[in-house]
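Fit chains B, C and D to the known structure of chain A by using the hints.
There are 4 protein chains.
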Amino acid sequence: MIVVMKVGSPETEVTRVCEDLKGWGLTPEKIVGKHKVVIGLVGETAALDPFQIQEISPWIESVLRVEQPFKRASREYRHGESSEVVVQTPNGPVVFGEHHPVVLVAGPCSVENEEMIVETARRVKAAGAQLLRGGAYKPRTSPYAFQGHGESALGLLAAARSATGLGIVTEVMDAADLDRLAEVADIIQIGARNMQNFSLLKKVGAQDKPVLLKRGMAATIEDWLMAAEYVLAAGNPNVILCERGIRTFDRQYSRNTLDLAAVPVLRTLTHLPIMVDPSHGTGLAEYVPAMALASVAAGADSLMIEVHPNPKKALSDGPQSLTPERFDSLVPEIAVVGRAVGRWPERQPVLT
Amino acid sequence: MIVVMKVGSPETEVTRVCEDLKGWGLTPEKIVGKHKVVIGLVGETAALDPFQIQEISPWIESVLRVEQPFKRASREYRHGESSEVVVQTPNGPVVFGEHHPVVLVAGPCSVENEEMIVETARRVKAAGAQLLRGGAYKPRTSPYAFQGHGESALGLLAAARSATGLGIVTEVMDAADLDRLAEVADIIQIGARNMQNFSLLKKVGAQDKPVLLKRGMAATIEDWLMAAEYVLAAGNPNVILCERGIRTFDRQYSRNTLDLAAVPVLRTLTHLPIMVDPSHGTGLAEYVPAMALASVAAGADSLMIEVHPNPKKALSDGPQSLTPERFDSLVPEIAVVGRAVGRWPERQPVLT
Amino acid sequence: MIVVMKVGSPETEVTRVCEDLKGWGLTPEKIVGKHKVVIGLVGETAALDPFQIQEISPWIESVLRVEQPFKRASREYRHGESSEVVVQTPNGPVVFGEHHPVVLVAGPCSVENEEMIVETARRVKAAGAQLLRGGAYKPRTSPYAFQGHGESALGLLAAARSATGLGIVTEVMDAADLDRLAEVADIIQIGARNMQNFSLLKKVGAQDKPVLLKRGMAATIEDWLMAAEYVLAAGNPNVILCERGIRTFDRQYSRNTLDLAAVPVLRTLTHLPIMVDPSHGTGLAEYVPAMALASVAAGADSLMIEVHPNPKKALSDGPQSLTPERFDSLVPEIAVVGRAVGRWPERQPVLT
Amino acid sequence: MIVVMKVGSPETEVTRVCEDLKGWGLTPEKIVGKHKVVIGLVGETAALDPFQIQEISPWIESVLRVEQPFKRASREYRHGESSEVVVQTPNGPVVFGEHHPVVLVAGPCSVENEEMIVETARRVKAAGAQLLRGGAYKPRTSPYAFQGHGESALGLLAAARSATGLGIVTEVMDAADLDRLAEVADIIQIGARNMQNFSLLKKVGAQDKPVLLKRGMAATIEDWLMAAEYVLAAGNPNVILCERGIRTFDRQYSRNTLDLAAVPVLRTLTHLPIMVDPSHGTGLAEYVPAMALASVAAGADSLMIEVHPNPKKALSDGPQSLTPERFDSLVPEIAVVGRAVGRWPERQPVLT
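Protein chains in written order, with the working numbering: chain A, 1 to 352; chain B, 1 to 352; chain C, 1 to 352; chain D, 1 to 352.
Hints may be right or wrong, so weigh each one.
Claimed, not checked - Partner residues are not named here, just some residues of chain C that face chain B (Cβ under 8 angstroms, in silico):
{"id": "1", "residue": "VAL7"}
{"id": "2", "residue": "ASP20"}
{"id": "3", "residue": "LEU21"}
{"id": "4", "residue": "ILE31"}
{"id": "5", "residue": "LYS36"}
{"id": "6", "residue": "VAL38"}
{"id": "7", "residue": "GLY40"}
{"id": "8", "residue": "VAL42"}
{"id": "9", "residue": "ILE60"}
{"id": "10", "residue": "LEU64"}
{"id": "11", "residue": "GLU67"}
{"id": "12", "residue": "PRO69"}
{"id": "13", "residue": "TYR77"}
{"id": "14", "residue": "ASN91"}
{"id": "15", "residue": "VAL95"}
{"id": "16", "residue": "SER152"}
Stated by the list, open to error - Below, in silico cross-link-like pairs of lysine-lysine (DSS-like), each with a Cα-Cα straight-line distance of 30 angstroms or less:
{"id": "17", "chain 1": "A", "residue 1": "LYS34", "chain 2": "D", "residue 2": "LYS30"}
{"id": "18", "chain 1": "D", "residue 1": "LYS36", "chain 2": "D", "residue 2": "LYS22"}
{"id": "19", "chain 1": "C", "residue 1": "LYS36", "chain 2": "B", "residue 2": "LYS22"}
{"id": "20", "chain 1": "A", "residue 1": "LYS6", "chain 2": "D", "residue 2": "LYS203"}
{"id": "21", "chain 1": "C", "residue 1": "LYS203", "chain 2": "C", "residue 2": "LYS6"}
{"id": "22", "chain 1": "C", "residue 1": "LYS30", "chain 2": "D", "residue 2": "LYS71"}
{"id": "23", "chain 1": "B", "residue 1": "LYS6", "chain 2": "B", "residue 2": "LYS30"}
{"id": "24", "chain 1": "B", "residue 1": "LYS202", "chain 2": "A", "residue 2": "LYS203"}
{"id": "25", "chain 1": "C", "residue 1": "LYS6", "chain 2": "C", "residue 2": "LYS30"}
{"id": "26", "chain 1": "A", "residue 1": "LYS6", "chain 2": "D", "residue 2": "LYS71"}
{"id": "27", "chain 1": "B", "residue 1": "LYS71", "chain 2": "C", "residue 2": "LYS30"}
{"id": "28", "chain 1": "A", "residue 1": "LYS6", "chain 2": "A", "residue 2": "LYS30"}
{"id": "29", "chain 1": "D", "residue 1": "LYS30", "chain 2": "D", "residue 2": "LYS71"}
{"id": "30", "chain 1": "C", "residue 1": "LYS36", "chain 2": "B", "residue 2": "LYS36"}
{"id": "31", "chain 1": "D", "residue 1": "LYS313", "chain 2": "A", "residue 2": "LYS30"}
{"id": "32", "chain 1": "D", "residue 1": "LYS34", "chain 2": "D", "residue 2": "LYS6"}
{"id": "33", "chain 1": "B", "residue 1": "LYS209", "chain 2": "B", "residue 2": "LYS71"}
{"id": "34", "chain 1": "C", "residue 1": "LYS36", "chain 2": "D", "residue 2": "LYS313"}
To be verified - Every beta carbon over 12 angstroms from chain D, so not counted as near; a handful from chain B, in silico:
{"id": "35", "residue": "ASP177"}
{"id": "36", "residue": "ALA298"}
{"id": "37", "residue": "GLU333"}
No wet-lab data here; the hints were simulated from the structure. C-beta atoms are modelled at their ideal positions from N, C-alpha and C, and glycine is treated no differently.
Isolated chain A (complex conformation) (with noise of 0.2 angstroms):
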């Protein structure tokens, strides 16, 4: 950490805050510039708010902060190497990370009834899905709009993840259902709006299934994978980050602005794998195809697609959702691309 003095600041006020520092554990290096002072602060500093170091002396100007401050999800942590996640599905592990093939989940926003959902699961595995995404409990802005069917839709989860074989991945709103989720799922998901539900984190970090945890609307990458290292630091590894699409002054035209910046930028800062949501991150089914190329040519390890059997009808989210013959078609082209950048097997079956 670095902390630089405002210009004029007296000798004896940069002499207080060196012995100041001093208390702290650290020690201070100072360099004397043309028209100010630095300090350079030798010693463990990456626990420390610069805030708090700057309210030592109104002579400080500001603090910056040199070391990062996640550590388990830094790339560092695994000396430059990217981590693997092992999913355990009933068709066999499925490997997420940077050195395996595009994993492809795919499935509605939520679960509606017992036949739509193992239909759309036969339909999404025979594209090429290797996991079923579908909601049981829904964060919706309105409350007055649809919010999952609950508990209820854990057991028709069960249902298609047996008559397929399909890994499930569904969303934990409330740390309450927890238990009974995990019964369920493959993969747990943290929506954006909880990205920061710090109590729900922790929960999911001391718990053992894989942890998906999609991007806060707001949330910079910072954040993010700040929020992974409360999931990493309370026990569990087994971490996937989702880009989903921010926030931004547009939104007339698509719902989020997806950042697939964030791939690259990920892949040079954390070892976790990395997924991209086209659908929410455009909100229109018709952009959807697109964007899943263009995650797959930037890096992507993964994508997460909404098909609907009927999105007309789709209690949530039906304009960003594919129809299964949408689907079909769009998997041979996301093969396509995934092979011009090696991520895609000869083995992975595609329709033609």
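Below, chains B, C and D without anything else, positioned relative to chain A:
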């Protein structure tokens, strides 16, 4: 709600859409324009999702909502009148509302120890505050930062309440803590990061204590009022809205961008009382006084200001906390502006 | 356009508004809803300002626009077909458009000296670029930063053009330079900061050279198309749109947020060709390759990539410039993805 | 400036970087931390681009700027004192500055005809305004919207100036109009869309009239001060900064987000006078009064308020314009708050 058909939509398709909408219990009325056909929908449309209607036909260009999606939070719900939230404190009732004096809430970010919280309570009471804020559970970006003293801090808040008679405002982060917290708190705060934690909103809506709902960092005015609607719909009519800064592209000199125009905007949209928190809104103590005065001039019903006996040593949010001395000198400044806009009582004790 | 009256609007006021609107040459059609009255306006409404109509009566709640405000830029204007922009270069015509191969534009941020610009031109041509970018006049945040070599740099661009036959893309900052600049440039660039410099837009619209219109940092898609409309309305039909990143709350790891979904969104709204600039879009060379590939996968018609013979010594934008060697290796990667999406010609020379 | 080396940087590379920096005329001072090495740079670093230094070595993690990039605009440049801008008007000098009363600038968005502008000038003068605003050249999003009456409107402004003695504030959009405009204008306005039109900034910096510099919609405080620096560096010391709202994610109920905290932030960073424009800042007349009062309470040196004799019929910006009657009643409200914060003269005529 209004359905706009694309240029060149076939007559048969317009007819089909109208028929379909009748099946939803709506009465469609067609307007044939020079270039486009639009369909007005008469009936109960507030609960409908425009995106779902859009899926009826690929020829629908857009669906525009005419009615506001919030009901109980809307000013119309109270026939244009504002509501009051009355908080029972040991010192007597404190009333938040448009036709009442500005209410001052002050105190530290987090409760650190008994002496600190009781002393701060005494100081802010002497200066003119009616309620004490103080965090027992703290949402922190880093899992390695101080997380609040938790349950033990609740006891300390109770001590400060007994010692001074001030009402207590404290944040709930986990529904599991709600009962314990409600024993001490006179107002239960939902923090910005949990503004769309809908499970938690439902639970604070199902209990009796007034709720202080902070605006999320990326929450639109409408998102925020819909979050209030969750609490209101669950049965709790006592909601206070607190503007605390939004996240924008410029974060160099202030942590957040305080959206003061939210005050007059909310006044036209909702009957609920409006608080402003200039401490989080700017993130730096030196900007708090100017923005506190501006908030009162803009019409705020209440201010929440962080005060710490020794900001340099604060365990959290030190840089944005005022010293008790600065708060002492600020209250008379607030009073002068408060009187100028007719929101400061003659009786209220003011230090000079 | 649609006028929504407030709940409880008096019948006489609705009638008065309708009468007033007739005076504007419009045909109002009234729809009486359960709670509200809305008035549909039939006639030429595209040039009307909704805010002005709102002022007709205090009982008007909102005025909703149904027609897009851009005409010549709209896809409908070309009956749903995309347009081509043909640029005449010494090496022959280069065509930008949806049904043509991806066009590569490459070169340094600014023209530094003859050797540097001619050498860079040779290198990027050899690698596969069809046009050379290079700034003579540079918009810089600081008045103390290098401002470009100005007029003398135009001569150096002409030399590079002669030496290689590449077309030249260069930015105009001042209308007074336009004639001189047009003698050298094959495409005239309007930079992001001048996207709403309407005087300049009118002037580039009144000359013959194709115009490359970069998106402003806070420009919505609609603002951007309206800026294009200024050029089109002034008589110049050859406009290429260039996405180069927008400004959002997260600027820590990339300078801007590249909005790649703008590519499919623009495709549905406009007939104009679409370019992406991943160099400015990310601001860091290490993220440029991933985003270049993603842009092609998303459907971009062209890429603009900064290449500098020695980025460390560049007078501007060094950190986001690729070395010629990295560009050499990137083009074949682009070609592989370009072929995967059917946008790369077999004939085009590709280094391997 | 401070150079942070990556973890594990070889000693030889650190040495090489230090040697290289000496070649830039800087004195590097090395601090060896527990995990990282940082290098402090002593010397004239304000003109250096941190991104360029970063390119010296791939082992450089980041380069942090310690000095502010603006000089002439900085408060330090005036030794911590604020500056005054004195505008000569027929009615005598009007002084903008921290230690002077709040200056009121009022008038219509655009000059429509002689009667309208003279009448408005008389009304706003009677209410207490010292300067008249009015656009001859109007930046409009659409090429089909009213673009201002141009040169002929300048004559009408001159007539209003003669009739009332009020100083004139009007916007320049094209440097070619500058001379003509300067014959009439007492203050030359640079609009938000041209805030980074650096050619224009240099030209208004090279003439004598005071310059009103509006903040760009996506301009950071630093961008804005750097734009002021262009004017100052070109020789014109009389710059007034005008906050007029920034663009954020929420644009439903107000056109822009008025960033009032910019007032105290600018006060600490710069000596230049600060104006607020609540009309553009909110976009709706009903929110203007509250934000005008808040601006004064926040410490603004001046207000710019749109007033139109008949907002319903205004050719531009009608919805955000006050009627003369509302302005008449607003000035005394402003006066009351102005007196409360010591920024309103006893002598100033106030209607009651």
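How the hints compare with the structure:
no. : hint                : result
1   : VAL7                : holds, 6 angstroms
2   : ASP20               : violated, 18 angstroms
3   : LEU21               : violated, 13 angstroms
4   : ILE31               : holds, 4 angstroms
5   : LYS36               : holds, 6 angstroms
6   : VAL38               : holds, 6 angstroms
7   : GLY40               : holds, 4 angstroms
8   : VAL42               : holds, 5 angstroms
9   : ILE60               : violated, 12 angstroms
10  : LEU64               : holds, 5 angstroms
11  : GLU67               : holds, 6 angstroms
12  : PRO69               : violated, 13 angstroms
13  : TYR77               : violated, 11 angstroms
14  : ASN91               : violated, 41 angstroms
15  : VAL95               : violated, 28 angstroms
16  : SER152              : violated, 36 angstroms
17  : A:LYS34 / D:LYS30   : holds, 16 angstroms
18  : D:LYS36 / D:LYS22   : holds, 21 angstroms
19  : C:LYS36 / B:LYS22   : holds, 19 angstroms
20  : A:LYS6 / D:LYS203   : violated, 34 angstroms
21  : C:LYS203 / C:LYS6   : violated, 44 angstroms
22  : C:LYS30 / D:LYS71   : violated, 60 angstroms
23  : B:LYS6 / B:LYS30    : holds, 14 angstroms
24  : B:LYS202 / A:LYS203 : holds, 20 angstroms
25  : C:LYS6 / C:LYS30    : holds, 14 angstroms
26  : A:LYS6 / D:LYS71    : holds, 15 angstroms
27  : B:LYS71 / C:LYS30   : holds, 25 angstroms
28  : A:LYS6 / A:LYS30    : holds, 14 angstroms
29  : D:LYS30 / D:LYS71   : holds, 27 angstroms
30  : C:LYS36 / B:LYS36   : holds, 22 angstroms
31  : D:LYS313 / A:LYS30  : violated, 65 angstroms
32  : D:LYS34 / D:LYS6    : holds, 12 angstroms
33  : B:LYS209 / B:LYS71  : holds, 21 angstroms
34  : C:LYS36 / D:LYS313  : holds, 25 angstroms
35  : ASP177              : holds, 31 angstroms
36  : ALA298              : violated, 4 angstroms
37  : GLU333              : violated, 8 angstroms
Going through the hint list in order, the structure does not satisfy hints 2, 3, 9, 12, 13, 14, 15, 16, 20, 21, 22, 31, 36, 37.
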